[in-house]
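So you can see what is in the structure, the chains are spelled out below.
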Amino acid sequence: MIPEIGNFSLILALLLATLQGTLPIIGAARGIPSWIALAKPVVQGQFVFVLIAFFCLAYSFISSDFSVLNVANNSNTELPFHFRLAATWGSHEGSLLLWVLMLASWSVAVSVFSKQLPDDVVARVIGVLGLVSIGFLVFMLFTSNPFDRLLPAAAEGSDLNPLLQDFGMVVHPPMLYMGYVGFSVAFAFAIAALLSGKLDATWARWSRPWTIIAWVFLTIGIMLGSWWAYYELGWGGWWFWDPVENASFLPWLVGTALVHSLAATEKRGSFKSWTVLLAISTFALSLLGTFLVRSGVLTSVHAFATDPARGVFILAFLVIVISCALLLFAWRAPKVGLGGKFDLLSRESMLLANNILLLVAAASVLLGTLYPLIIDALGLGKLSVGPPFFEAVFVPIMTPAIFLIGIGPISRWKQMSLPALAIRLRWAFGISVVSALITPFFMGEWKPMVSFGLLLAFWIIVCAFVNVKHRLNNSGEGNLLTKLSKQSRSYYGMHCAHIGVAIFIIGVTLVNSYETEKDVRMEIGSKVTVGGYVFQFNGTSDVVGPNYKAVRGEISVLKDDQFVRNLYPEKRTYNASGMAMTEAAIDTGFFRDLYVALGEPLSNGAWVVRAYHKPFVDWIWFGCILMAMGGITSITDRRYRLKIIKKESTAARVAEPEKQAEGTPAAVASATTKVELATETTKV
Amino acid sequence: MMRYLMPLAIFMVLAVFLLIGLTLNPRQVPSPLIDKPAPKFQLNQLHEPDKIMSSEDNLGKVWMLNVWASWCVACRDEHPLLVQLANSGIIPIYGLNYKDERNTALQWLKRYGDPYAISIVDTDGKVGINYGVYGVPETYVIDKEGIIRHKQIGPVTVDSLEKTILPLIKELQNQA
Amino acid sequence: MKPRHKKLVMIASGVTALGVAAILVLNAFQSNLVFFFSPSQVIANEAPIGKSFRIGGLVAEGSVKRDDGSTTVHFAVTDTAETIPVVYTGILPDLFREGKGVVAQGKISDAGIFLADEVLAKHDENYMPPEAAEALERAAKAQRASLAQ
Numbered sequence: 000m001i002p003e004i005g006n007f008s009l010i011l012a013l014l015l016a017t018l019q020g021t022l023p024i025i026g027a028a029r030g031i032p033s034w035i036a037l038a039k040p041v042v043q044g045q046f047v048f049v050l051i052a053f054f055c056l057a058y059s060f061i062s063s064d065f066s067v068l069n070v071a072n073n074s075n076t077e078l079p080f081h082f083r084l085a086a087t088w089g090s091h092e093g094s095l096l097l098w099v100l101m102l103a104s105w106s107v108a109v110s111v112f113s114k115q116l117p118d119d120v121v122a123r124v125i126g127v128l129g130l131v132s133i134g135f136l137v138f139m140l141f142t143s144n145p146f147d148r149l150l151p152a153a154a155e156g157s158d159l160n161p162l163l164q165d166f167g168m169v170v171h172p173p174m175l176y177m178g179y180v181g182f183s184v185a186f187a188f189a190i191a192a193l194l195s196g197k198l199d200a201t202w203a204r205w206s207r208p209w210t211i212i213a214w215v216f217l218t219i220g221i222m223l224g225s226w227w228a229y230y231e232l233g234w235g236g237w238w239f240w241d242p243v244e245n246a247s248f249l250p251w252l253v254g255t256a257l258v259h260s261l262a263a264t265e266k267r268g269s270f271k272s273w274t275v276l277l278a279i280s281t282f283a284l285s286l287l288g289t290f291l292v293r294s295g296v297l298t299s300v301h302a303f304a305t306d307p308a309r310g311v312f313i314l315a316f317l318v319i320v321i322s323c324a325l326l327l328f329a330w331r332a333p334k335v336g337l338g339g340k341f342d343l344l345s346r347e348s349m350l351l352a353n354n355i356l357l358l359v360a361a362a363s364v365l366l367g368t369l370y371p372l373i374i375d376a377l378g379l380g381k382l383s384v385g386p387p388f389f390e391a392v393f394v395p396i397m398t399p400a401i402f403l404i405g406i407g408p409i410s411r412w413k414q415m416s417l418p419a420l421a422i423r424l425r426w427a428f429g430i431s432v433v434s435a436l437i438t439p440f441f442m443g444e445w446k447p448m449v450s451f452g453l454l455l456a457f458w459i460i461v462c463a464f465v466n467v468k469h470r471l472n473n474s475g476e477g478n479l480l481t482k483l484s485k486q487s488r489s490y491y492g493m494h495c496a497h498i499g500v501a502i503f504i505i506g507v508t509l510v511n512s513y514e515t516e517k518d519v520r521m522e523i524g525s526k527v528t529v530g531g532y533v534f535q536f537n538g539t540s541d542v543v544g545p546n547y548k549a550v551r552g553e554i555s556v557l558k559d560d561q562f563v564r565n566l567y568p569e570k571r572t573y574n575a576s577g578m579a580m581t582e583a584a585i586d587t588g589f590f591r592d593l594y595v596a597l598g599e600p601l602s603n604g605a606w607v608v609r610a611y612h613k614p615f616v617d618w619i620w621f622g623c624i625l626m627a628m629g630g631i632t633s634i635t636d637r638r639y640r641l642k643i644i645k646k647e648s649t650a651a652r653v654a655e656p657e658k659q660a661e662g663t664p665a666a667v668a669s670a671t672t673k674v675e676l677a678t679e680t681t682k683v
Numbered sequence: 000m001m002r003y004l005m006p007l008a009i010f011m012v013l014a015v016f017l018l019i020g021l022t023l024n025p026r027q028v029p030s031p032l033i034d035k036p037a038p039k040f041q042l043n044q045l046h047e048p049d050k051i052m053s054s055e056d057n058l059g060k061v062w063m064l065n066v067w068a069s070w071c072v073a074c075r076d077e078h079p080l081l082v083q084l085a086n087s088g089i090i091p092i093y094g095l096n097y098k099d100e101r102n103t104a105l106q107w108l109k110r111y112g113d114p115y116a117i118s119i120v121d122t123d124g125k126v127g128i129n130y131g132v133y134g135v136p137e138t139y140v141i142d143k144e145g146i147i148r149h150k151q152i153g154p155v156t157v158d159s160l161e162k163t164i165l166p167l168i169k170e171l172q173n174q175a
Numbered sequence: 000m001k002p003r004h005k006k007l008v009m010i011a012s013g014v015t016a017l018g019v020a021a022i023l024v025l026n027a028f029q030s031n032l033v034f035f036f037s038p039s040q041v042i043a044n045e046a047p048i049g050k051s052f053r054i055g056g057l058v059a060e061g062s063v064k065r066d067d068g069s070t071t072v073h074f075a076v077t078d079t080a081e082t083i084p085v086v087y088t089g090i091l092p093d094l095f096r097e098g099k100g101v102v103a104q105g106k107i108s109d110a111g112i113f114l115a116d117e118v119l120a121k122h123d124e125n126y127m128p129p130e131a132a133e134a135l136e137r138a139a140k141a142q143r144a145s146l147a148q
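Residue numbers (numbering that gives the first Met the number 0), protein chains in the order written: chain W, 0 to 683; chain C, 0 to 175; chain P, 0 to 148.
Read the hints as simulated data drawn from the structure, not as lab findings. Here a beta-carbon is modelled for each residue, glycine too, at the ideal position from N, C-alpha and C. Fair warning: there could be bad hints in the mix.
[As the list claims (entries may be wrong)] Here are some of the chain W residues that sit facing chain P, going by a computed Cβ distance under 10 Å:
(1) F54
(2) P151
(3) A154
(4) A360
(5) F389
(6) R520
(7) I523
(8) T581
(9) E599
(10) V608
[Unchecked claim] Beyond 12 Å from chain W on every Cβ pair, some chain C residues (computed):
(11) M11
(12) K60
(13) R148
(14) D158
(15) L160
(16) Q174
Kindly generate the complete structure, drawing on both the sequences and the hints.
Right, here's the structure in full:
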């Protein structure tokens, strides 16, 4: 009964989505207020029905209803409660339902938090989101219905993939999907603006917080995925340039470009059509990612069930949505007009350069990902493109972009003087070079690549400090604290995110250059030294888990003959599927991780053991968290909060956007000092 | 206007490649056994363990070899189709029971129907290896001279049956 | 600077960036593409000598041997027509089994032995050993979806 309710709710949601995707858009075009007014109740209704469907599926999983095919295939009575719940979105069908639920949640959020927007804009945005929603609901109902019955019912389910039975997997997909789906809001805003023909700074300011939230979710999602791969796959790697990883990384790269381009559009009205194109591209890449993962055109460890019918459907959807969007773009964008003029050396040009570099990087990653497919399509053979390709291309392209992270925030809008900038940054450059040259000695060995990586990281950090100091000097009277509190949150957010990039680079550089990996044969009592730590193998014992049996090794770690701790890596065999899984044991530290995994048993109780020493590896994920925190900080900026409060009191009034944009000195991520802004306005 | 159409053009080129990609299977390694003699085997029968079936018994007729197992969920899905096909009498289907246990296999056939003229038992999977079995289910079409003409990786579907397998069988049966 | 010159400089720098990227990509492609060959192709001398490539097939039954006192493993990869001996030092993936699909990356030695520096167990839904039943379930779903149409 419950699955039927779920199925029925999905059908009702589809009906409502159809209303949501048509009436408000037509209403906005023809000026029919009653149709425009339909947008909000319809989207909220759709959300409720999708939510009901989701609860129905979750209930089927929790109650182990094996008459539902999806449950029988992905769950098991031995599975602990939290994993049965997580199994709801562990399969292709379930994850689609989660996707649709998130799309509905974002749409409802738009309908609730957009009281300050004109009704016709909201109606268009919600309408476009409705169209996207139709696509996914139809896809789910016709090719991947999560409520399909299995008759006769299975006596026992065949278990969730053991790789997915992990906390990281419980939270990674929802975060990632929140990001993917969130970009559909940016997309909807862009399309709405194209439809209405009102592409201006106001539009940029409205869509900016949404874009940043989506970007934050995507950042966290990718970070969790990387962290999960690190401790769960048993190889100690954190990024594999696997097609599916690339599929999530591509929208991130273009989304990052979008976040920066929106800043320029909001502050200066420049790059308008470019920003719209980026919003469309980001969403297109999110859909492309879905296509790559679920159609099976590429081989990947992550691939979901592959079915040509599904592939055809998503491809058709992708082509329809994106071609319509790009056609609309080609039709409307020429009329948009150019924004404020700017000099060859200005913050605009820096942002433009950053955009181009990010896009070129994304294009080369896309090429590397699709190259096997293209070669196969041309009948030239089967091949794979490995991580060395991506490293050889990605790093040189991103290097100048990272260099610009330091300069960009210091440079002025419209026009700046190179000598002045050079004078301001010469100390910053000197300090970063010297410290980058010296630091590797503390790690034990000087390597040119380490110095290079550290130079980029230190450059970002020192430039941020120069920027903050300069800004405080120009913040009028008062002691340090008052001056600090005068700065906007978006200003801090920007630096937080940029320093996150620096921390990330430090982590990557140091772990790649100084990690030690040893695969060794260990008998009971034998020792191996890795990265200054002694690992002593004390033998194994058998343990029984809730739905698996495992061999657990005990390894004592010693440093300078002092006992550090015991590590307990496991080799599990899951009862239902019989699948073997390596469960690594990790001692996490601020400066290093110790990583131990059991390989395979040898004669006489000996094992092949993998022992790693990974310096600074956690900085990689910490850097990502900082980036995400930067994003969150900047959207809590006063200007966004104030607006919501103000709009609630005078909901009917539509603000005069242009004036407000000029009158808000505290810019978001890309802030200028008041002095600079003042000179600019006089020049205008 | 033209330059604003550029993104659309680039996207379309990409879409064409994706579409072609969709028709290809990145995992498909051309089976080295197609158009080669089917590997010979002599295996015990499932229902009557004392009897042995040899691949040479089938010379002179077109037949199908279906690799299946009771632990295989996908087999359960293709099974109704096989039963239907067997009932139609178009072609005899022989089952290679792969890495399975006799009792569960027999129960499984009782429950879901038995489309097989004879089921043979490949407990250790050695014959499966000879046939290049990557997984279960797999289905081979073998002609009158004992030559493999087609290999279906994964479950037989209505689509693959109607478009590929049935026309092929008809053609092979019409050969002298 | 005149606007026209400004535009020129911008286009020039854009083109340069793309050009540099293209050179990087081509250069990286040249050295980092890994082609895939079956054991039959390797026996037929179709695979490159001295260059890294991938072979794929099944791990031949009874071929896996571990050296005593080291982590070196010997096994053979077969596509049922031909068989190639493989040597690998290190830990094999969880899904590595005799009779199961495998992909190895490395070079072929003069003696015709494949020196693998990476071993990947195949893990997709067409590869359905009893031990990896989860893979089948996915194929089952795909199957069901196509039946439903």
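Restraint outcome when F389/W is required to lie within 10 Å of chain P by C-beta distance: With a closest approach of 8 Å, the F389/W hint holds.
Does the nearest C-beta of chain P fall within a distance shorter than 10 Å of the C-beta of F54/W? 22 Å, violated
Evaluation of the interface hint that places A360/W against chain P, nearest CB under 10 Å: 8 Å, holds
Does M11/C sit more than 12 Å from chain W, CB to CB? 7 Å, violated
Verify this label for me: L160/C is non-interface relative to chain W, using a Cβ-Cβ cutoff of 12 Å. The assertion about L160/C holds, with a minimum of 16 Å to chain W.
Per-residue hint verdict: R520/W, partner chain P, C-beta under 10 Å: 5 Å, holds
Separation of K60/C from chain W, once the least beta-carbon distance is taken, above 12 Å: 32 Å, holds
Would the least Cβ to Cβ distance between Q174/C and chain W come out above 12 Å? 30 Å, holds
How about A154/W: closest beta carbon in chain P under 10 Å, or not? This hint is violated: A154/W lies away from chain P, its Cβ roughly 15 Å from the closest one there, beyond 10 Å.
Holds or violated: is the Cβ of P151/W closer than 10 Å to a Cβ in chain P? Violated, because the Cβ-Cβ distance from P151/W to chain P comes to roughly 15 Å (cut-off 10 Å).
Does V608/W meet its interface restraint, that is, does its C-beta lie within less than 10 Å of any C-beta in chain P? V608/W check passes; min Cβ-Cβ to chain P is 8 Å, inside 10 Å.
Hinted contact T581/W with chain P - closest CB pair below 10 Å: 6 Å, holds
Hint compliance for this structure: hints 1, 2, 3, 7, 11, 14 are broken, all remaining hints hold.
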